[in-house]
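Protein chains: 2
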Amino acid sequence: MSTYLAPMRDMQFIMNEVAGLEEVCALPGNEECSVELVESILEEAAKFATGVLDPINAVGDRDGATCADGVVTATPGFKEAYQLFVETGWNSLHCSPEYGGQGLPTLVSTAVNEMWKSSNMAFALCPMLTGGAIEAIAHHASPELRAKYLPKMVEGSWTGTMNLTEPSAGSDLAAIRTRALPVGDGSYRISGTKIFITWGEHNMTENIVHLVLGRLPDAPPGVKGISLFLVPKFLVNDDGSLGARNDLVCASVEHKMGIHGSPTAVMAFGEGEGALGWVIGEENKGLGYMFTMMNHARVNVGLEGVGISERSFQHALAYARERVQGAPVGTAPADKKPILHHPDVRRMLMDMKSRTEAMRTLAYYVAAEMDRAHAGNEASRARVDLLTPVVKGWSTEQGIELASTGVQVFGGLGFIEETGACQYYRDSRITTIYEGTTGIQANDLIGRKLAREKNPGVAMRALLAEIAATVAELKADAELAAIGGQLEAGAAALASATDWLIANYEADTAAALAGAVPFLKLTGIVAGGWLMAKSALVARRQIAAGSSDPFYTGKIATATYFASHQLPFADAYSAEVTGGSAATLALAENLF
Amino acid sequence: MSTYLAPMRDMQFIMNEVAGLEEVCALPGNEECSVELVESILEEAAKFATGVLDPINAVGDRDGATCADGVVTATPGFKEAYQLFVETGWNSLHCSPEYGGQGLPTLVSTAVNEMWKSSNMAFALCPMLTGGAIEAIAHHASPELRAKYLPKMVEGSWTGTMNLTEPSAGSDLAAIRTRALPVGDGSYRISGTKIFITWGEHNMTENIVHLVLGRLPDAPPGVKGISLFLVPKFLVNDDGSLGARNDLVCASVEHKMGIHGSPTAVMAFGEGEGALGWVIGEENKGLGYMFTMMNHARVNVGLEGVGISERSFQHALAYARERVQGAPVGTAPADKKPILHHPDVRRMLMDMKSRTEAMRTLAYYVAAEMDRAHAGNEASRARVDLLTPVVKGWSTEQGIELASTGVQVFGGLGFIEETGACQYYRDSRITTIYEGTTGIQANDLIGRKLAREKNPGVAMRALLAEIAATVAELKADAELAAIGGQLEAGAAALASATDWLIANYEADTAAALAGAVPFLKLTGIVAGGWLMAKSALVARRQIAAGSSDPFYTGKIATATYFASHQLPFADAYSAEVTGGSAATLALAENLF
Numbered sequence: 004m005s006t007y008l009a010p011m012r013d014m015q016f017i018m019n020e021v022a023g024l025e026e027v028c029a030l031p032g033n034e035e036c037s038v039e040l041v042e043s044i045l046e047e048a049a050k051f052a053t054g055v056l057d058p059i060n061a062v063g064d065r066d067g068a069t070c071a072d073g074v075v076t077a078t079p080g081f082k083e084a085y086q087l088f089v090e091t092g093w094n095s096l097h098c099s100p101e102y103g104g105q106g107l108p109t110l111v112s113t114a115v116n117e118m119w120k121s122s123n124m125a126f127a128l129c130p131m132l133t134g135g136a137i138e139a140i141a142h143h144a145s146p147e148l149r150a151k152y153l154p155k156m157v158e159g160s161w162t163g164t165m166n167l168t169e170p171s172a173g174s175d176l177a178a179i180r181t182r183a184l185p186v187g188d189g190s191y192r193i194s195g196t197k198i199f200i201t202w203g204e205h206n207m208t209e210n211i212v213h214l215v216l217g218r219l220p221d222a223p224p225g226v227k228g229i230s231l232f233l234v235p236k237f238l239v240n241d242d243g244s245l246g247a248r249n250d251l252v253c254a255s256v257e258h259k260m261g262i263h264g265s266p267t268a269v270m271a272f273g274e275g276e277g278a279l280g281w282v283i284g285e286e287n288k289g290l291g292y293m294f295t296m297m298n299h300a301r302v303n304v305g306l307e308g309v310g311i312s313e314r315s316f317q318h319a320l321a322y323a324r325e326r327v328q329g330a331p332v333g334t335a336p337a338d339k340k341p342i343l344h345h346p347d348v349r350r351m352l353m354d355m356k357s358r359t360e361a362m363r364t365l366a367y368y369v370a371a372e373m374d375r376a377h378a379g380n381e382a383s384r385a386r387v388d389l390l391t392p393v394v395k396g397w398s399t400e401q402g403i404e405l406a407s408t409g410v411q412v413f414g415g416l417g418f419i420e421e422t423g424a425c426q427y428y429r430d431s432r433i434t435t436i437y438e439g440t441t442g443i444q445a446n447d448l449i450g451r452k453l454a455r456e457k458n459p460g461v462a463m464r465a466l467l468a469e470i471a472a473t474v475a476e477l478k479a480d481a482e483l484a485a486i487g488g489q490l491e492a493g494a495a496a497l498a499s500a501t502d503w504l505i506a507n508y509e510a511d512t513a514a515a516l517a518g519a520v521p522f523l524k525l526t527g528i529v530a531g532g533w534l535m536a537k538s539a540l541v542a543r544r545q546i547a548a549g550s551s552d553p554f555y556t557g558k559i560a561t562a563t564y565f566a567s568h569q570l571p572f573a574d575a576y577s578a579e580v581t582g583g584s585a586a587t588l589a590l591a592e593n594l595f
Numbered sequence: 004m005s006t007y008l009a010p011m012r013d014m015q016f017i018m019n020e021v022a023g024l025e026e027v028c029a030l031p032g033n034e035e036c037s038v039e040l041v042e043s044i045l046e047e048a049a050k051f052a053t054g055v056l057d058p059i060n061a062v063g064d065r066d067g068a069t070c071a072d073g074v075v076t077a078t079p080g081f082k083e084a085y086q087l088f089v090e091t092g093w094n095s096l097h098c099s100p101e102y103g104g105q106g107l108p109t110l111v112s113t114a115v116n117e118m119w120k121s122s123n124m125a126f127a128l129c130p131m132l133t134g135g136a137i138e139a140i141a142h143h144a145s146p147e148l149r150a151k152y153l154p155k156m157v158e159g160s161w162t163g164t165m166n167l168t169e170p171s172a173g174s175d176l177a178a179i180r181t182r183a184l185p186v187g188d189g190s191y192r193i194s195g196t197k198i199f200i201t202w203g204e205h206n207m208t209e210n211i212v213h214l215v216l217g218r219l220p221d222a223p224p225g226v227k228g229i230s231l232f233l234v235p236k237f238l239v240n241d242d243g244s245l246g247a248r249n250d251l252v253c254a255s256v257e258h259k260m261g262i263h264g265s266p267t268a269v270m271a272f273g274e275g276e277g278a279l280g281w282v283i284g285e286e287n288k289g290l291g292y293m294f295t296m297m298n299h300a301r302v303n304v305g306l307e308g309v310g311i312s313e314r315s316f317q318h319a320l321a322y323a324r325e326r327v328q329g330a331p332v333g334t335a336p337a338d339k340k341p342i343l344h345h346p347d348v349r350r351m352l353m354d355m356k357s358r359t360e361a362m363r364t365l366a367y368y369v370a371a372e373m374d375r376a377h378a379g380n381e382a383s384r385a386r387v388d389l390l391t392p393v394v395k396g397w398s399t400e401q402g403i404e405l406a407s408t409g410v411q412v413f414g415g416l417g418f419i420e421e422t423g424a425c426q427y428y429r430d431s432r433i434t435t436i437y438e439g440t441t442g443i444q445a446n447d448l449i450g451r452k453l454a455r456e457k458n459p460g461v462a463m464r465a466l467l468a469e470i471a472a473t474v475a476e477l478k479a480d481a482e483l484a485a486i487g488g489q490l491e492a493g494a495a496a497l498a499s500a501t502d503w504l505i506a507n508y509e510a511d512t513a514a515a516l517a518g519a520v521p522f523l524k525l526t527g528i529v530a531g532g533w534l535m536a537k538s539a540l541v542a543r544r545q546i547a548a549g550s551s552d553p554f555y556t557g558k559i560a561t562a563t564y565f566a567s568h569q570l571p572f573a574d575a576y577s578a579e580v581t582g583g584s585a586a587t588l589a590l591a592e593n594l595f
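Same order as they appear, the protein sequences are chains F and W. Under my numbering, the first residue of the first sequence is numbered 4, with each subsequent residue one higher. Under my numbering, the first residue of the second sequence is numbered 4, with each subsequent residue one higher.
The following block holds chain F by itself, in its conformation from the complex (with noise of 0.2 Å):
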C-alpha cells in the first residue's frame, strides 16, 4: 500500500491561479481569509488525511462498521480518529461563525474535503452528511431549533443524518409514505421505516440528529405534500442536555459493495408511540428545503470522484514506479524497467492524472462560483445551478472508471484484496448512485437547468460564449493552437447538443431524456476541458514570465493529453443526443 499525499501543489495552482481564491477570500464575509492562511490550513488537513484517516480506511474496508441488537459500532480506530477530528476544528471549517463555524469559503473547504475523500471515503461521509444536515437546519429551521441543535453539530459532537428514501421510494420521493402526527405542541410524532441511511447509526457521538421526509396526514399527495422533520436520537433539554431514548432504532445495517467503514441503516421510526420531530420551516415544503442538503451533497459526492481518483491514480503509480517487468521497446531485452516505461502503462496513468486534474479543477472552479454566488453574484449562481448535477454525475462516473484503471496498472495483483486497489474500485461504485444516480443528475441538468429554464439554454449559452473567449485566446498561441482547436470542436459538439434538446425538449421530453446522460458526460467532458485549457494558459504566462518550476510544463502536458484524448469524445457524446434518441426509444417492451 501506498501513503496518501495531498497533492499539495496541484490544488494551490487550482485555488489560486484558475479558481481566484485571493478574490474569494476578499468577498464580503471572507475578511479573515488570506492565501498565506489557506495554505496552512492545507497542510495541516494534509497532515490529518495521511497520519489518522489514510492508515484507517483499509482497516474500514475489512473491519466495517457492526449492528448488533440496533447498536452500531464503528470501525476499530474510527471513534477515535472522529473525535481528533472534531477536536482540530474540521468540523466547522466551512460553517457559519453565527453558530461557532469558522466561516472559511467553500473553495477551501472543497480542498480540504477532497483531502478526506481520497484518503478515508467512508469515514469522510460522517462529516459530509453532518454539514448538509446543518446547511438545511440553518437555512430553513427555527430560531430555537437553531440555536439549540446547530453549535453541536457544529462543533462535531453530534451528527447529522438525511432521511429520504423508503423501500418503495426511492428516486420517486413522491412515494414517500413515513407519517407525522401533530401532536398539537408544535411537535409531530414520526413513524415509518428509513432506508439507505448514511451513518444513521453509530457510537462515535452521544446524539445524532435525523432530518427525516415525512407526510402530515392531510398533505396534498406527491412531492407538494412532504415535509422535513428533525428527529434526534436523544431528546434534547431546554438546557441543552440530552434527555430520553427517541422512539427510533436501526434496525440493521447493509452488507455493502463497499464503503464498509460507513454504516448504511435501515432505520425504523415509531415502532412504538412515535419518534418525536419537530418541523423543519413549514409544513409541506419539505422537498425544497431537502434540495438544500441535496445541492451540497451532490457537489461533495462529486469530489468523491475526484479523490478517489486521485487516491488510486497515487496508489497506482507507486506500484508503476516500483515494478520491474520487461525492457521498455527498444532498448536490450536485459535492460529490465518499471512498468511505467511501458507505453500503455504510462497511458494509463497519464489518463487517470489528466483527467482527475480537469474534475479537480472543475469541482473547485464550481466552489468558487458558489462562493460568489453566495455574495450575491447571480451569474455565479446560475453557474453554480448549471454545473452542480455536471459535477455529481461527470466526476462519479470517471472515478469509477479511473478506479478501474487503477486495478488494471497492478495486473493480477489488482485483483488481489490485499493489494488495495479493489477497495477504490469498490468504494467509488456507490458514488454514481446515491445523492441522486447520474441519470437524476443529467435529468436535471437538461431539464430544470437547461431547456426548462425562465429563458432555456441562457445558462449553457453563456458557458459556451467563455469558451469561446478562451479558444480565442488559445488559437492566439502557436503552442497551445492545437488544444484550441480540440477545444473548439467540443463546445460546437456541446453547443449544437444543447440547440437540439432546447428545440425537442417539449415536443418530445422523452427523446430528450434518452439523451440526458450522454449530454451530462459531454458537458463534463468540454467545462474540465475548458477550464484544463486555461490552466495551460495560465502554465504558459508564468513559463513566459521566466519560471522553472518544471508543474507548470507538467500541467500544459496534462491539458494537451485532455484535449487529444477526452475533447474528441464530444462528438460521439452530442451525435448520440441529436441522432441517438429514437434508437434508444425503439424496441418495443416485450422484445427486451
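If you're looking for bench data, these hints aren't it; they were derived computationally from the structure. Worth double-checking, as some hints may not be accurate.
As the list makes no split between identical chains, a pair holds if one copy fits it or if it spans any two.
Derived lysine to any residue pairs resembling SDA-like cross-links, with alpha carbons at most 20 Å apart [to be verified]:
1) 155 - 241
2) 339 - 593
3) 288 - 54
4) 340 - 595
5) 339 - 226
6) 82 - 57
7) 340 - 588
Starting from the structure of chain F, add chain W where the hints point.
Structure of chain W alone, referenced to chain F:
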C-alpha cells in the same frame, strides 16, 4: 435474483444466419454435426446452465473455495455439479474423438461455453483450463503422454491447469525462473513457485494435470529458453492407475475481489526432491506451445465478457420490469410504472442488450472462422489471428462497463451484495487482466497482427474490404442506409488509424504502442458494428420474405442502436491513435 435463461433465439440466429452453422457442419470432420443436433445440444446445455450452474453461482461468491494445509475445498455444491457436468458429457464437447471427445465444431462449443460463463463464471474456469491443457498436449506432446493423459482429461476425470506466472514474471514471461533438471530417463525434476494458478488445486477430481513453464539449466536466456512440462499432482502408472503424490503443493489461495468459487492457487513445486515432470514437445520451445493454450483461452475469456454482460443484463431487466417507481414523462403522476418505462433506464438496458449482442456476434463469428481455419481455410486463419485479441480485449472491457451498468439499473439496491449485481461487477473485473491484459492484447494486435505481419496490414485491409461491401449493401436499402453511413464512417476511422500505425510502427514503436488500446477498442466497435449491420441485413431479408417473427424487428432495433451510439466513438478512438501519442508520452517521469 433472476434466473438465467440462455438467450436461445439470439444464439441460434447468430449461429445459423450470421456465422454459417450449416456451412460449418459441412466442413470435413464435422459430418456428424447438423443444425438439428446443435439445437438439441443447446437446449440441453441451457437446462444445465439454468438448473445446475446458475443456482450455485451466488453460493460460490459467498462461500468461496478454501485452503487449509494445502487442501483446497471447493464451494459447497461445486463437486456434485462438476460430476454431473462430466457425466453429461459437457467436458468433451469440443475435444477430438481420437481421445474420446465429441469433436463438435468450435462454433457450437462457443455457444455452449457462453452459457457456462453466464450462469457460473467461477465454475466454468475449471473446464476452460482443462480444455486449454488438452489443446496443448494434443498438439505438441509425445504419443505416450497423449495416450496416458488425454482420455482422462477429455472425459473430465482429471482437470488441467496453466502454470505461467511467477512473482517476478507476469506479463514478462522471459523472467521465468522455475527450474527443470533432467533426470536422465526422460523425466525432469521441477522446482519453483507459480502464482495465480486458476483451479490449481481442488477436491473435485482425483488428479490434476499441471502444465508448467520452466527452464533447463543450460537454457538460453529470455523467452527462447522456456520449456513446457506436464507435471501431474499424482504420478500415473503405466496401467493408468494413480501412483505416488508428486512433489507439489498448494501453498495458499488468494483472497480476490471476485470469482470466489474459483480457487486461485499459489503452487509450490519441488519443495522436496523436485516434482516429476515430462517435457511437452521439444525443450526450449515451451512458449510457442503455451500460446496454443493461450489463444484457446483468449477467445474463451472474451466469451466471459459476453456471458457476464448477458447475465447482468437479464438480472437488471427483470428488476426494471418489476420495480415500480414514478410515472413516465408525459403521463399522470399517479400512473406509476416499472422503471423500464423511464427513458434513461431504457437507455441503459438498450445499451446492455445491443452491445452484448454485438460482442456475441463477433465471438461466434470468430469461432466459425476457427472452424474454417481448422479445415484449412487460410483467409479464415488470418481473420482469426487478427480478431482473437479483439474478442478478448474488447469484450472483456465492455463486460466490465456493462456489469457496472447492471449495478446502476438497480439504484441503491445495486450496491447491496444480496441483490447480486455486485457479483457480476466484481467477477468481471478479472477478465481484462488474466490470459494477457488488454494492453498485451492490444500490443499483439498492432504488432504481430498488423504492423509486423509479413505483409503489414493485409489482414486488416481484407476485413475493411468486406466491411465496404456490407456498407454498399446497406446503402442500397433505404431503411438501413443510415446504418450504412455510420458503418462507413467507422470503417474510415479504422482505416486511417491502421494506416498511421503501419506508417509509424517501426520508426516510433513507443508512439504506436501508446495508442494500442484505443486501436483495439476502435477495431472492436467497427467489427462489432459490421456484424450487427450484417445481422440487420439478414433480418430485413427475412421480413421482406414474409417473416413475422418479431425477433427480426428487434434485431434491426439493436443494430440501429449500436450504429448510432457506438460507431460514433470510432472517430474519437482513431484520433487518439493518430494524434494523441505525443501527448500520452510527453510527461517526464518525475512529473507524474
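Hints and how they fare:
In this assembly of identical chains, the alpha carbons of residue 155 and residue 241 lie at most 20 Å apart only when taken from the same copy (14 Å versus 81 Å across copies). In this homomeric assembly, residue 339 and residue 593 come within 20 Å of each other (Cα to Cα) only across copies, at 18 Å, whereas the closest approach inside a single copy is 57 Å. For the identical chains of this complex, residue 288 and residue 54 are neighbours neither inside a copy (43 Å) nor across copies (52 Å), given an alpha-carbon limit of 20 Å. Within a single copy, residue 340 and residue 595 get their C-alpha atoms only as close as 50 Å, which misses the 20 Å cut-off; across copies the closest is 16 Å, which meets it.
For the identical chains of this complex, residue 339 and residue 226 are inter-copy neighbours only, at 14 Å across copies versus 63 Å inside a copy, given an alpha-carbon limit of 20 Å. In this assembly of identical chains, the alpha carbons of residue 82 and residue 57 lie at most 20 Å apart only when taken from the same copy (15 Å versus 42 Å across copies). With identical chains, the CA atoms of residue 340 and residue 588 are at most 20 Å apart between copies only, with a shortest distance of 16 Å across copies and 51 Å within one.
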